[in-house]
Amino acid sequence: MTGVLVQAENIGKEFSSVWVLRGLSVEVRTGEILGIIGENGAGKSTFMKILSGIYTPSAGRLLVDGQEVSIRSAEDAKRLGIRLIPQEFNLVPDLSVYENVFLGNELRTRAGLLDRRAMIRRTAEVLASLEVQVAPDARIDTLNVAQKQMVEIAKALAFDARLLIMDEPTTVLTRHEIGLLFDRMRALRARGVTLIYVSHKLREVKEITDRVMVLRDGAFVCLEPTEALPIDEMARRMVGRELSQVFPEKQTGAGDVALRVHGLTVPGVLQGVSFDLRRGEILGFAGLGGSGRTEVAETILGVRRPSAGTIEVEGRPVRIHSPRDAVRAGIGYLSEDRQGSGILTQHSLVANVSLVSIRKYLRGGLIALRRERAAAAAYVQQFGIRTAGLHARLESLSGGNQQKVSLAKTLDPGPRILIVDEPTRGVDIGAKRDIYRFVHQLADDGVSIVLISSELEEVLGMCSRVLVMRAGRLVAELTGEHLSEEEIMFHATGVKETA
Amino acid sequence: MAVVVPVAHASLLDRLRRFNYAPLLALLVLVAISAVMSEPFRSVGNALNILRQASYFGIVALGMTFVIIGGGIDLSVGSMLALVGYVAIWALNSMTGGIGPEASQAWPVVAAAVAAVALGAALGLANGLAIAVGRIAPFIVTLGTLAIFRSMALYLADAGELRSVNAVYGDMGASRILGVPTPIWVFIGLAVLLDLLLHRTRYGRHVCAVGSSERVAQFSAVAVHKVRTLTYVIAGATVAVSAVFWSARTNSINSTNFGQGEELNAIAAVIIGGTPINGGRGSVWGTVVGAVMLQIINNMLNMMSVSPYLQGTVKGLVIIVAALIQRRL
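Chains A and B, in that order, are what the protein sequence lines are.
Be aware that the first sequence starts at 1, since it is given in the working numbering, and climbs by one per residue.
Be aware that the second sequence starts at 1, since it is given in the working numbering, and climbs by one per residue.
If you're looking for bench data, these hints aren't it; they were derived computationally from the structure.
Note that the structure is predicted; figures quoted are calculated from it, not measured.
A virtual CB, placed ideally from N, CA and C, is assigned to each residue, including glycine.
Keep in mind that a hint or two might mislead.
[Claimed, not checked] For each label pair, taking beta carbons as the anchor points, the in silico distance ranges come out as: (1) Val321/B / Leu369/A: 26 to 36 Å; (2) Leu317/B / Asp141/A: 49 to 59 Å; (3) Ala174/B / Asp94/A: 53 to 63 Å; (4) Leu143/B / Leu483/A: 34 to 44 Å; (5) Leu63/A / Leu143/B: 52 to 62 Å; (6) Leu143/B / Asn105/A: 31 to 41 Å; (7) Leu125/B / Lys360/A: 43 to 53 Å.
[Claimed, not checked] Residues from chain A shown here face chain B by an in silico Cβ test under 7 Å; the list is partial: (8) His321; (9) Pro323; (10) Ser335; (11) Ser341; (12) Val356; (13) Leu366.
Chain A with its partners taken away, still in its complex shape:
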């Protein structure tokens, strides 16, 4: 621990009078791996974005090497040697590795043409120093996720990054790949590179970091050496309260079988997925990203074509070829990808709420605008949606409020079976609690619910039965005393093999 690379003093960030980060003071030491943990909305990504120039802080100051700096753009950050490796890769799939590494900073010959040879050589050097077996001229879309991850890192290192900020770098990696990534990270640390490691996966944070900072609801909680902080203590400090305060009383509901899925197979995606969902139950689906959870939902909805398998709704076999069939069969889906497949951000709140259920509002073929508006207003009130108006475009709403609209849209047709996929992704803690309450209320009212979530805490807090997926298969069904974070992770990562 030689010195301090970055010093934040009283850093804060405000969005329309909401402070998403408040009075954060922290020193990042040269050559350390600093973990940052916290729930969604804790302020982790805000802090990362401030360091990497995507946001400018509303308060406080930043010092790099003891000098006060103002980081107003990604370019500024880069000049200071700070690079963010985003969760969603920022690579152009049609270009080669070296073209991506030098994108926007292309080396040129004296004649002004691209100096391909120099770029390839430099890229090869960086890749070699990372011990990555990738050709500098391979196209990005021929690489696997782990290799892309390494290209992102190479992109940063090619320009002498001193501080690498990694946002959830292991989400899409296998256990083996994570091990390799950690080896590289340790090698980088040995070379004096400083790393900030932001993750939900506490076990990995425990394994790789030197110190851990915990944030909660936009504020600093603590900063401790990693060895002084056991995993359960990390979790406790992140949440800062007993789980019972966030989650409603658990459901025991065990009615008839509402949805029976048998042997669902999509070549290369799902392998013989079978389960029963009972009326009024909240059934959890856990697993790592890419394990096939969303794909199960998409197949039930008819977005993907299964090669085998049957679906029964309330004892009757149904054929579902499209989401229209699914809606007709009484199945609703709250999408994990809110903006990509959930809501129309350019359209009004009213038009979104009635998008699926518009038939309900027809009078002689015409939409009864007043009734449609009244229905939307009722959801605004029931869900406590904060909006400038019923006709405000959804893009002007916060993530949490958009999510509530998305939920209203899903519920308006009156589904009897509801699949909610990452229902609280990117929403603040308040909206989160609201959403848990609504989902719980629905189950009480007899709606049968599948809850897909990457947040173990959420699955554990909401469900009394959890199915774990790995590589397109259901690998475990956990209930009662077996229902724990560790147990889920064992099965999700394949450490423990029991079906």
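Once you've looked at the hints, dock chain B against the given chain A.
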């Protein structure tokens, strides 16, 4: 700033804010300027003349509005005008048969018009199926059919002209209702209907949804392919209506010139009317305003004896400026 809105009715302010007044404002300014600058512009006769001429491509632009809101484009409408117009007159002539009293029967005109609309819808269906089911970009498909429809019209007419032998056809083209040329009534009537279709029906909502995000629409139980295909059918049908009234005006059709370049006028009217080229939302009445504005500009340039060769330049500038203004709004 953000407040919870418990009320079930939209406030007047809310409604005003949603109303896209920019194209209407631009039209009023244009009319005012034209009226000040030109004495003959101010006559009723000139106004009706402008509206009549705007109706022909304006009717096509109404259908184009749906295509564009649905996230597509239809370049084939100009050629389709010629093909449908040709077939309409050919059908009319073969049903009329002979001259004298037989040449003034009305039923062949009605039958030919119905046949034309059916053909227009069928050609639109072909466009739509190739785009939605064949998953080919709308630009490509309709660029192809632009060439195909024109070539078929030229082939059938031997690159020449076809005159109607039925006197009723020409009469219809020149007819007026309450002193107003019939095409204007048709234009306005279709605008009322299509505006209702766009804003007050399930189909209209679905067109906007598909144009805004195909994936969201699909997940929201919208029959994406059907909705998208139908926009081209609507466009084809409006093309046919326009082809009938337009060719009736001259009582003939020239397979080389008829409809030439009208796809650009139709698209321009839609854009000037405030419908974004990327789709997702739009306005039927905006398109009406856009068509009228285009025609006023042509009219003024004529009256100010600006070289006809420069009219395209002015039109082009108006389109670009309109798009620029809308981006800022």
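So the hint says 26 to 36 Å: do the beta-carbon atoms of Val321/B and Leu369/A match that?
-> 34 Å, holds
Do Ala174/B and Asp94/A keep their Cβ atoms within the hinted range of 53 to 63 Å?
-> With Cβ atoms ~58 Å apart, the hint holds.
Minimum Cβ distance from Ser341/A to chain B below 7 Å?
-> 4 Å, holds
Using Cβ atoms only, decide whether Ser335/A comes closer than 7 Å to chain B, and label the hint accordingly.
-> 6 Å, holds
Confirm or reject the claim that Leu143/B and Leu483/A have a C-beta distance inside 34 to 44 Å.
-> The hint (34 to 44 Å, Cβ to Cβ) is violated, given that Leu143/B and Leu483/A are roughly 59 Å apart.
Have a go at the Pro323/A hint: is there a Cβ in chain B nearer than 7 Å to its own Cβ?
-> 5 Å, holds
Does Leu366/A pass the interface check with chain B, least Cβ-Cβ distance below 7 Å?
-> Leu366/A check passes; min Cβ-Cβ to chain B is 4 Å, inside 7 Å.
Using 7 Å as the Cβ threshold, decide whether Val356/A counts as touching chain B.
-> 5 Å, holds
Does the hinted range 49 to 59 Å hold for Leu317/B and Asp141/A at CB?
-> 42 Å, violated
That 52 to 62 Å hint for Leu63/A and Leu143/B (C-beta), does it hold up?
-> 59 Å, holds
How does the Cβ-Cβ distance of Leu143/B and Asn105/A compare with 31 to 41 Å: does it lie in that range?
-> Cβ of Leu143/B to Cβ of Asn105/A: about 39 Å, so the range 31 to 41 Å holds.
Go ahead and decide if the range 43 to 53 Å is satisfied by the Cβ distance of Leu125/B to Lys360/A.
-> Hint violated: Cβ distance 30 Å, outside 43 to 53 Å.
Hints 2, 4, 7, 8, counting from the list given before, are not met by this structure.
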